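Visitor: Take a look at the letters that make up each chain.
Number of protein chains: 2
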Amino acid sequence: MYIKDLSKYEGQEVTLRGWASNRRSSKGLEFVILRDGTGFCQCIVDANQVSPAVFEKAGKLKLESSFSLKGKVVKDERQIGGYEVHVSELEIYQIAEEYPIAKKEHGVDFLTDNRHLWLRSSRQWAIMKIRNRIIYSIHQFFQENEFVEMDAPIFTGNACEGTTNLFETNYFDETAYLSQSGQLYGEAMAMAMGRIYTFGPTFRAEKSKTRRHLTEFWMIEPEMAFFDIFDNMDLIEQFLRRVVSDVLRDCKNELEIIGRDTSVLQNITKPFPRLTYDEAVRIIKGEQDVNGKNSIKELETELASVLASIDEHKKEIAEREEKIKTPGMKKGEIGFNQSKIDKLKQELADLEEQARNIPQWLNSARNFTYGNDLGGSDETVITRLFDVPIMVYNWPHAVKAFYLKRDPDDNRFARGVDVLAPEGYGEIVGGGERETNEQMLREKITEHELPMEAFEWYLDLRKYGSVPHAGFGLGLERLVTWICKLPHVRESIPFPRMMGRLLP
Amino acid sequence: MYIKDLSKYEGQEVTLRGWASNRRSSKGLEFVILRDGTGFCQCIVDANQVSPAVFEKAGKLKLESSFSLKGKVVKDERQIGGYEVHVSELEIYQIAEEYPIAKKEHGVDFLTDNRHLWLRSSRQWAIMKIRNRIIYSIHQFFQENEFVEMDAPIFTGNACEGTTNLFETNYFDETAYLSQSGQLYGEAMAMAMGRIYTFGPTFRAEKSKTRRHLTEFWMIEPEMAFFDIFDNMDLIEQFLRRVVSDVLRDCKNELEIIGRDTSVLQNITKPFPRLTYDEAVRIIKGEQDVNGKNSIKELETELASVLASIDEHKKEIAEREEKIKTPGMKKGEIGFNQSKIDKLKQELADLEEQARNIPQWLNSARNFTYGNDLGGSDETVITRLFDVPIMVYNWPHAVKAFYLKRDPDDNRFARGVDVLAPEGYGEIVGGGERETNEQMLREKITEHELPMEAFEWYLDLRKYGSVPHAGFGLGLERLVTWICKLPHVRESIPFPRMMGRLLP
Chain A
1 MYIKDLSKYE
11 GQEVTLRGWA
21 SNRRSSKGLE
31 FVILRDGTGF
41 CQCIVDANQV
51 SPAVFEKAGK
61 LKLESSFSLK
71 GKVVKDERQI
81 GGYEVHVSEL
91 EIYQIAEEYP
101 IAKKEHGVDF
111 LTDNRHLWLR
121 SSRQWAIMKI
131 RNRIIYSIHQ
141 FFQENEFVEM
151 DAPIFTGNAC
161 EGTTNLFETN
171 YFDETAYLSQ
181 SGQLYGEAMA
191 MAMGRIYTFG
201 PTFRAEKSKT
211 RRHLTEFWMI
221 EPEMAFFDIF
231 DNMDLIEQFL
241 RRVVSDVLRD
251 CKNELEIIGR
261 DTSVLQNITK
271 PFPRLTYDEA
281 VRIIKGEQDV
291 NGKNSIKELE
301 TELASVLASI
311 DEHKKEIAER
321 EEKIKTPGMK
331 KGEIGFNQSK
341 IDKLKQELAD
351 LEEQARNIPQ
361 WLNSARNFTY
371 GNDLGGSDET
381 VITRLFDVPI
391 MVYNWPHAVK
401 AFYLKRDPDD
411 NRFARGVDVL
421 APEGYGEIVG
431 GGERETNEQM
441 LREKITEHEL
451 PMEAFEWYLD
461 LRKYGSVPHA
471 GFGLGLERLV
481 TWICKLPHVR
491 ESIPFPRMMG
501 RLLP
Chain B
1 MYIKDLSKYE
11 GQEVTLRGWA
21 SNRRSSKGLE
31 FVILRDGTGF
41 CQCIVDANQV
51 SPAVFEKAGK
61 LKLESSFSLK
71 GKVVKDERQI
81 GGYEVHVSEL
91 EIYQIAEEYP
101 IAKKEHGVDF
111 LTDNRHLWLR
121 SSRQWAIMKI
131 RNRIIYSIHQ
141 FFQENEFVEM
151 DAPIFTGNAC
161 EGTTNLFETN
171 YFDETAYLSQ
181 SGQLYGEAMA
191 MAMGRIYTFG
201 PTFRAEKSKT
211 RRHLTEFWMI
221 EPEMAFFDIF
231 DNMDLIEQFL
241 RRVVSDVLRD
251 CKNELEIIGR
261 DTSVLQNITK
271 PFPRLTYDEA
281 VRIIKGEQDV
291 NGKNSIKELE
301 TELASVLASI
311 DEHKKEIAER
321 EEKIKTPGMK
331 KGEIGFNQSK
341 IDKLKQELAD
351 LEEQARNIPQ
361 WLNSARNFTY
371 GNDLGGSDET
381 VITRLFDVPI
391 MVYNWPHAVK
401 AFYLKRDPDD
411 NRFARGVDVL
421 APEGYGEIVG
431 GGERETNEQM
441 LREKITEHEL
451 PMEAFEWYLD
461 LRKYGSVPHA
471 GFGLGLERLV
481 TWICKLPHVR
491 ESIPFPRMMG
501 RLLP
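Quick note, the sequences are listed as chains A and B, same order.
Start counting the first sequence at 1; every next residue gets the next number (the numbering used here).
Start counting the second sequence at 1; every next residue gets the next number (the numbering used here).
It is possible that some hints are incorrect.
Below, computed lysine-lysine pairings styled on DSS-like, alpha-carbon distance capped at 30 Å [claimed, not checked]:
#	chain 1	residue 1	chain 2	residue 2
1	A	K463	B	K315
2	A	K485	A	K463
3	A	K463	B	K60
4	B	K485	A	K4
5	B	K463	A	K60
6	A	K62	B	K444
7	B	K330	A	K463
8	A	K293	A	K325
9	B	K62	A	K444
10	A	K62	B	K463
11	B	K330	B	K314
Per the computed footprint, the stretches of chain B lying under chain A, defined by three or more beta-carbons under 8 Å from a beta-carbon of chain A, are [said to hold, decoys possible]:
#	stretch
12	117 to 124
13	286 to 300
14	451 to 464
Hints listed in this document are in silico derivations from the structure and should not be mistaken for laboratory results.
On a predicted model such as this, the values are computed, not experimentally measured, just so you know.
Note that CB positions come from ideal geometry on N, CA and C, so glycine has one too.
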């Protein structure tokens, strides 16, 4: 019997087991929030309705103590989930020690050090439930479309895009790299099975500590024989639409808990704009408006408004700090003002970060050099102008991986496509059509200074029945981060791994 | 349009694309076996029905050449899949170079060196389709039962069962181990989400080259709050029953291609015998019969029969080798005898391997020391007596991991459970109920000489709302190997990694 099923038992007696995620006492009543992994539920222990022993046990429940209870399910619209339980019996498994994560705000380092406990908070619980729905939706989409799940190896003797940023290990006195993409193996598997997808962890030894990077993250990499770049874009669009729609339908409660405004997600049913690299560059540089917006003007306007808001915040903080010095002010009023000050200071910190970021974005947008890859700032600038994922395709071939097909219509470009999530999130998918010509690949491998002998097996795919094919890679955590609108990718995975972060 | 859908298009004109997996010519006809990843289909090009250009193109198709064709779907019960295509048009993508994997028998090292191509053979294709069905069935089972998929980290600062056999990497000047189990993280996640499962790769630097070991393999590790060992065994049984049933229902064609006798798999609906360690030991040592069989007598009888068969094989080989020396014997007859000889020699090699193995099994069964863990030979001995997976539980605590709960009824035992696949396959699942007492765990960690500080976060789970819980780990490749009855685990994964095997 689980909390998620309470609605089926209205008016009936049920048994629940779990942990106390909160408790407050009030005039012969104990209000305990029980969490059991499937949800959260208010349980009321009334001294007039239970034995003194049960009431006493309820009063002992410290945060995260484990217990079971019996009680009657009562509808109450005000509760999360819509039900509460009026307790008749209660048994304790364990009274917890003093729980380190109290209700007050903690720094993110402290919370990450306690990730094994932080996962129990309602917000992290909701994110993990959404992550789970996304994962299963991905499997459902590909399986229902008869793709074959195939696992690419993690240990590789060859490095897909060079050995920079690769972790390595001693593999019985050989050097093995930890895969940063199953791409090349995906191609071999597509030649055997037609349409495949991989779903596994990938590794990058990124020294940068950004809100977008993990050293260990999960990738989904479909690869399809007889697909060109346009078939590929159609598939990406269907795929993302399906996943986001499943989350919207099945995770309403979780999205509400994390406070996600779902209106942008609802746009997923709209066609995804497809921009060539050339168009994307014009938009970033402010040479072309989009959706009635100009990138440079938007940023300038926003910067002005941020700066004004900073002044207002500083002024109000100063005023309130002055105010609470007033002699004889009541404790309650001081507390009220102090909590306002704390909130204002937190907002101020966010605003000041924006005030630092926006000039950088402006600078990188104004000075973007045609021919370069898009950086994180450029992705932020362009995706803030959209309310739906955009696809940027036909990239200058020099900035993309060696295995992308040269555009037959214009030799300067490669048939790659990046999908950028809106609201400033940036790249979630990278993919493209693959080069089918063995000689072209050999030239590219030489040009990228990669060791030819490690790619001989891959080149075999062009010797024995080369066919047009395409595929893409989706970064799971980046998708979760965008769908949940998280400030940092670290909250999108149960146990994040970043530079300097190996525990718990 | 794919081969798997041909039955829906009987009598109609279709377009197919793929590779030539075989071709033979006969009196104005070309018979080409097309494979497209979804299946195999005979396509007939009749010189009287197509243009000379099309017939000429068909004649050029070397093995694994890529092409598309148009043709009419015609029912033919004799064909795999039940349909063939009468070709009207044919276009070549690429004539393949001389394909290295011909129809003749190759050594397994050669095939593994060419794994990227070997995957195209019908047997490997079928195994991969079954593997895919197993993977999705696992997700379906857990998702339908409302488990939350949660990923344990691959990089860990602490080692679950000691650092022997672990791969390590330089992680920004710290040492990170590659996970050999997500177990401990699974427990933390179950305390947050109730019932979870992980599905990811795990790594063991096993120096042994056995038919059961890979260095990189996929594990599924469910963990359930409020489960004891008996709930756990019930779940394992339901779970394996579901997966095998799905394969039997959905992979008939693939099981037929690999020649799997499915009668043993059908037994999956029977209850799984649950033996204590004590009973298992008596059965292995031949002190207790099971299913009317005695382990020692069975092995002795089999050894005698293998030795007799070896003699017969040797005799027949000698006779035939003598025979083909007969002067004037026709080429056809020599060829016929030579292929018989080749086949007999292959069988002889298998028999000789058995003649080497059985005495070892006998020896290890007869001399098994009560209190030891079961070795590979012991698992082989006991599971050859069953036609359904068996569960062995209540193990001597000293041979099992530190985190297993001590049996409250008998302190000598730990509440672990191993599931052994029948037909000699052995362990596919290991699991058990977890110790809930912090002090007991600290003692065990000390006893196992593990670094206590690396486990402090894990011990937190016993401080903050400790509850009864249990879980298990399933080795995906071992399950695939048993279901497909493969001689070696290496065929159960797209790109196997073993000692000395890092490419392709």
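Visitor: Compare the structure with each hint and give your call.
Guide: Structure-based check of each hint:
1. K463(A) <-> K315(B): Not satisfied, since the Cα-Cα distance of roughly 46 Å exceeds 30 Å.
2. K485(A) <-> K463(A): Distance of about 45 Å is beyond 30 Å: violated.
3. K463(A) <-> K60(B): Holds, at about 15 Å.
4. K485(B) <-> K4(A): Roughly 41 Å separates the two Cα atoms, so the pair is violated.
5. K463(B) <-> K60(A): Since the Cα atoms of K463(B) and K60(A) sit roughly 15 Å apart, the hinted pair holds (cutoff 30 Å).
6. K62(A) <-> K444(B): Satisfied, since the Cα-Cα distance of roughly 28 Å is no more than 30 Å.
7. K330(B) <-> K463(A): violated (40 Å)
8. K293(A) <-> K325(A): violated (47 Å)
9. K62(B) <-> K444(A): holds (28 Å)
10. K62(A) <-> K463(B): holds (12 Å)
11. K330(B) <-> K314(B): holds (24 Å)
12. 117 to 124: holds (count 4)
13. 286 to 300: Since three or more residues must qualify, the claim that chain A covers the stretch 286 to 300 of chain B is violated, with 0 doing so at under 8 Å.
14. 451 to 464: holds (count 7)
The structure does not agree with the numbered hints 1, 2, 4, 7, 8 and 13 stated previously, though it agrees with the rest.
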